[in-house]
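Q: Top line first, the protein sequences correspond to chains H and P. Residue numbers for the first sequence follow the numbering used here, so the first one is 1 and each next one is one higher. Residue numbers for the second sequence follow the numbering used here, so the first one is 1 and each next one is one higher.
Hints listed in this document are in silico derivations from the structure and should not be mistaken for laboratory results. Even for Gly, the Cβ is constructed at its ideal location relative to N, Cα and C. It is possible that part of the hints are untrue.
[What the hints assert, rightly or not] Reference listing, derived: stretches of chain P covered by chain H, where coverage requires no fewer than 3 residues with Cβ under 8 Å from a Cβ of chain H:
#1 49–62
#2 167–176
[Said to hold, decoys possible] Label pairs and their computed distance ranges (CB to CB):
#3 H:32 - P:114: 38 to 46 Å
#4 P:75 - H:35: 18 to 26 Å
#5 P:58 - H:63: 46 to 54 Å
#6 H:57 - P:55: 16 to 24 Å
[Unchecked claim] To give an idea of the chain H side of the interface with chain P (calculated C-beta under 8 Å), a few residues:
#7 20
#8 40
#9 68
#10 252
#11 255
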Amino acid sequence: MALDERDTRDPRLEHLYREAAREAPPAHLDAAILAAARREVGARPRALSAALRRWHVPVSIAAVIVVSVSLVILVKEEGGDRLGDARIPPVSAPADKPTAELTQAPPAAAASATAEKQVEAPAPVELRGSREDALRSVSKPAGTPPPTQERVAEPLPKPVPASPLRLEERAEAPASPDLVTAGRVGGASPAPLEQGSATRAADAPQTKLMARAIVAKPAATDRPPVWLGLEKEPPEKWLARIEELMREGRAAEAEEMRVEFKRRFPDHPLGRASR
Amino acid sequence: MLHYRDGDAAAFDVLYARHKGGVYRYLLRLSRDAAVAEELFQDVWTNLIRARFGYTVQARFATYLYRLAHNRWIDHYRRNRLGVVVTLDEEDGGAPVDPPDDREIPQDVALDARRQAARLMELISELPAAQREAFLLQQEGGMSVEDIANATGVTRETAKSRLRYAMSKLRKGMQEWR
Chain H
1 MALDERDTRD
11 PRLEHLYREA
21 AREAPPAHLD
31 AAILAAARRE
41 VGARPRALSA
51 ALRRWHVPVS
61 IAAVIVVSVS
71 LVILVKEEGG
81 DRLGDARIPP
91 VSAPADKPTA
101 ELTQAPPAAA
111 ASATAEKQVE
121 APAPVELRGS
131 REDALRSVSK
141 PAGTPPPTQE
151 RVAEPLPKPV
161 PASPLRLEER
171 AEAPASPDLV
181 TAGRVGGASP
191 APLEQGSATR
201 AADAPQTKLM
211 ARAIVAKPAA
221 TDRPPVWLGL
231 EKEPPEKWLA
241 RIEELMREGR
251 AAEAEEMRVE
261 FKRRFPDHPL
271 GRASR
Chain P
1 MLHYRDGDAA
11 AFDVLYARHK
21 GGVYRYLLRL
31 SRDAAVAEEL
41 FQDVWTNLIR
51 ARFGYTVQAR
61 FATYLYRLAH
71 NRWIDHYRRN
81 RLGVVVTLDE
91 EDGGAPVDPP
101 DDREIPQDVA
111 LDARRQAARL
121 MELISELPAA
131 QREAFLLQQE
141 GGMSVEDIAN
151 ATGVTRETAK
161 SRLRYAMSKL
171 RKGMQEWR
């Protein structure tokens, strides 16, 4: 290193050079260059782009977080709405009517048939063991084709009402034909639908996941539906009940019943019971 | 430079004041023409100003600045078809060649510093371009051998060799003044 220094440096020469080399750029060049430098700093788009470059990573991260949280909230809310839909029990279908027949039901019962299909539609997996046998026995009437042939195009699984029971427990409990039948004909009790959800949860993994999400959601369905007892009544009685609720100022319940009315009697005018 | 990049105009004034003389003399000695040196000098600083958004700290600022100056000088020579600037002819083989010395050497031992300086400048201008550049980068940019290699895009050994030959020739040329 010392050799390098000796070869490449010479203090006397360097001193002499520093003494001799005094040239400087002319003043007009100094002024032009300094002015150009200031102009460039003053240019707003460049300044803006500098700020963007400094902040673009944190801003991008924040944007991704906001979008993700919004999506999660939106999906949860969507799940809640579907939960409310699935809570509505179907009506006017005979207890032992097969699914195929229900799909051809008149418009008044179309909605209930859809709901029933949701309850009955099993996943295309092989059922095994006594639990599956029990579920099979309650999910279709005697004399119907095997489940794999009976199943029609399955709609997207809809959430079902929450229940304090764990799904696994419910799925493993002996299935009660009465409960399931009541659910198929539109029983007001939430229990049959829970059984239906348990059946689906036992059959299809994705349905099970959905059902778990619903169980995790706080139960907003403890209150019986406002139309309890009117399931088999004609539309006029429904309208009368809606009007009565409106007179009593129970707008939320009236709205709930109005929605259910539209579902059950889509062609029937609401009349004075409309908003 | 980082301050200037981020919008501090005053930081540029400091940078300019610190390096303007060195860069100007570097270009003046390389080009041996004041008008060309001024043009190249302005271009170097303009390029620096324009490139400020892309500036990142990878080496000393002086190395970065003199690399800009080196590139601008190379461009100038290529554009004007002035021949190959960087030659290896005198640095890779043989002993350093003595510079031509056909002028009359004053015999007075008390020669003034101005004449010594003039002689040194002559010797510098007679150096091969690559060696002259290496010497100027060392003196004006305050660069080490590594910095010179970095600024001129050569290996450390090449930069060192150029510098060594340049020093040797200058020493020999100034011997009678010692």
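Q: Now tell me if each hint is right for this structure.
A: Each hint tested on the structure:
1. 49–62: holds (count 4)
2. 167–176: With 5 residues in contact (Cβ-Cβ under 8 Å with chain H), the coverage given for the region 167–176 of chain P holds.
3. H:32 - P:114: 38 to 46 Å: violated (32 Å)
4. P:75 - H:35: 18 to 26 Å: Once the Cβ atoms are compared, 24 Å apart, the range 18 to 26 Å for residue 35 (chain H) and residue 75 (chain P) holds.
5. P:58 - H:63: 46 to 54 Å: violated (31 Å)
6. H:57 - P:55: 16 to 24 Å: holds (19 Å)
7. 20: holds (3 Å)
8. 40: Residue 40 (chain H) check passes; min Cβ-Cβ to chain P is 5 Å, inside 8 Å.
9. 68: violated (31 Å)
10. 252: This interface hint is violated because 58 Å lies over the 8 Å limit.
11. 255: violated (58 Å)
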